[in-house]
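Visitor: In case you want the letters, here they are:
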Amino acid sequence: MSFYNGILNLTNWSGNVILPTLAGLFIAIAIIQFSKGREYSYAMYGGFMCLMASGLLRAFETFASQRAWNDANLVWAAVASFVDWVCNVLLPIYAALQVAAGGLQLAGVTNRFQPISWMRHFAAAGLCLLVSGLLRLGEFFVTRGTGGVT
Amino acid sequence: MTNFVVGRLATTLAAYFVLRAILDSAAGEHPLPSILTAMFLLGIQATYNLLQSYNSGTQYATADVLDSLWTYLVGTIMPIAAGLAIIGAIINVATRRPALRLAGVALGLLSVAAIWKLVLAMVA
Numbered sequence: 095m096s097f098y099n100g101i102l103n104l105t106n107w108s109g110n111v112i113l114p115t116l117a118g119l120f121i122a123i124a125i126i127q128f129s130k131g132r133e134y135s136y137a138m139y140g141g142f143m144c145l146m147a148s149g150l151l152r153a154f155e156t157f158a159s160q161r162a163w164n165d166a167n168l169v170w171a172a173v174a175s176f177v178d179w180v181c182n183v184l185l186p187i188y189a190a191l192q193v194a195a196g197g198l199q200l201a202g203v204t205n206r207f208q209p210i211s212w213m214r215h216f217a218a219a220g221l222c223l224l225v226s227g228l229l230r231l232g233e234f235f236v237t238r239g240t241g242g243v244t
Numbered sequence: 038m039t040n041f042v043v044g045r046l047a048t049t050l051a052a053y054f055v056l057r058a059i060l061d062s063a064a065g066e067h068p069l070p071s072i073l074t075a076m077f078l079l080g081i082q083a084t085y086n087l088l089q090s091y092n093s094g095t096q097y098a099t100a101d102v103l104d105s106l107w108t109y110l111v112g113t114i115m116p117i118a119a120g121l122a123i124i125g126a127i128i129n130v131a132t133r134r135p136a137l138r139l140a141g142v143a144l145g146l147l148s149v150a151a152i153w154k155l156v157l158a159m160v161a
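Sequence order for the protein chains is C and Z.
Just so it is clear: in the first sequence, position 82 is 176 by the numbering used here, and no numbers are missing.
Just so it is clear: in the second sequence, position 82 is 119 by the numbering used here, and no numbers are missing.
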């Protein structure tokens with residue numbers, strides 16, 4: 095018996111046995127919340143993430159191995175990779191989902207379930223795809239602002 | 038005496054901490070610290086052997102053991118703890134609690150050595 099084996103098996107058991115089982119519970123909670131008109135997205139996304147624990151860990155390992163292990167810039171590179179992944183991988187996919195949701199809302203398919211304007215979905219999709227541009231715009235304003243008011 | 042402490046007392050204490058983990062959960066606290074303590078107590082003989090293997094027997098033996106222990110923690114245990122942090126973050130997302138902090142902890146646990154180098158670079 096060793097502590098290493100204990101914590102390794104605990105992690106494996108939690109990530110590969112318990113979380114996939116809990117995924118079903120979270121999806122069930124999401125359905126029940128949806129039926130009552132309550133916020134259900136946390137349970138729904140949580141259920142999906144339970145099935146992706148290994149993949150998420152591998153993603154974080156990739157973020158944390160962008161430089162050599164003893165490179166002081168590794169922390170910055172890891173955070174930058176994480177931000178890059180969220181902004182350039184997840185948000186475009188979310189934008190596609192928002193376009194689909196906006197289309198369904200506009201067609202009157204889902205507007206009986208949620209009273210959100212289709213405009214909000216399309217605006218969210220546009221903002222998801224514009225996040226880099228908005229950041230650059232903010233940087234531009236700040237850079238111009240350092241010169242002071244003339 | 039060592040056999041009694043390692044073979045009997047530590048095992049009984051580990052069983053107590055397993056029970057305490059359940060009671061902690063019932064009280065609304067986190068069971069993980071008690072579970073990890075139980076695992077550490079059960080693996081105390083292996084930990085003792087590990088520390089002995091790090092002992093160089095020289096005048097710098099204490100520093101050698103501490104150095105090796107640091108390397109073992111950073112290179113072996115912390116990446117596994119990062120997995121636990123990811124699992125905690127997922128459960129927090131599903132139960133609508135703050136999850137970004139645990140995602141940051143996972144990144145930090147995967148780059149402890151680099152954080153140490155960063156601190157060294159800042160101090161220099």
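To be clear, the hints were calculated from the coordinates, so they are not data collected in a lab.
From the three backbone atoms N, C-alpha and C, an ideal C-beta is built for every residue, glycine too.
You may find that some hints are simply not true.
Unchecked claim - Rough simulated footprint, nothing fancy, chain C against chain Z, three-plus residues with beta-carbon under 8 Å: (1) 55-67; (2) 80-89; (3) 92-98; (4) 109-120; (5) 146-159.
Visitor: Within the segment 92-98 of chain Z, is the number of residues with a Cβ closer than 8 Å to a Cβ of chain C three or more?
Guide: violated (count 0)
Visitor: Three or more residues of the segment 146-159 of chain Z near chain C by CB distance under 8 Å?
Guide: Holds, because 9 residues of the segment 146-159 of chain Z bring their Cβ atoms closer than 8 Å to Cβ atoms of chain C.
Visitor: Examine the segment 109-120 of chain Z: at least three residues should have C-beta closer than 8 Å to a C-beta of chain C.
Guide: holds (count 7)
Visitor: Are there three or more residues in the segment 55-67 of chain Z whose C-beta lies closer than 8 Å to some C-beta of chain C?
Guide: Violated, because only 0 residues of the segment 55-67 of chain Z bring their Cβ atoms closer than 8 Å to Cβ atoms of chain C.
Visitor: If you count the residues of the segment 80-89 of chain Z with a beta-carbon closer than 8 Å to a beta-carbon of chain C, do you get 3 or more?
Guide: holds (count 5)
Hint compliance for this structure: hints 1 and 3 are broken, all remaining hints hold.
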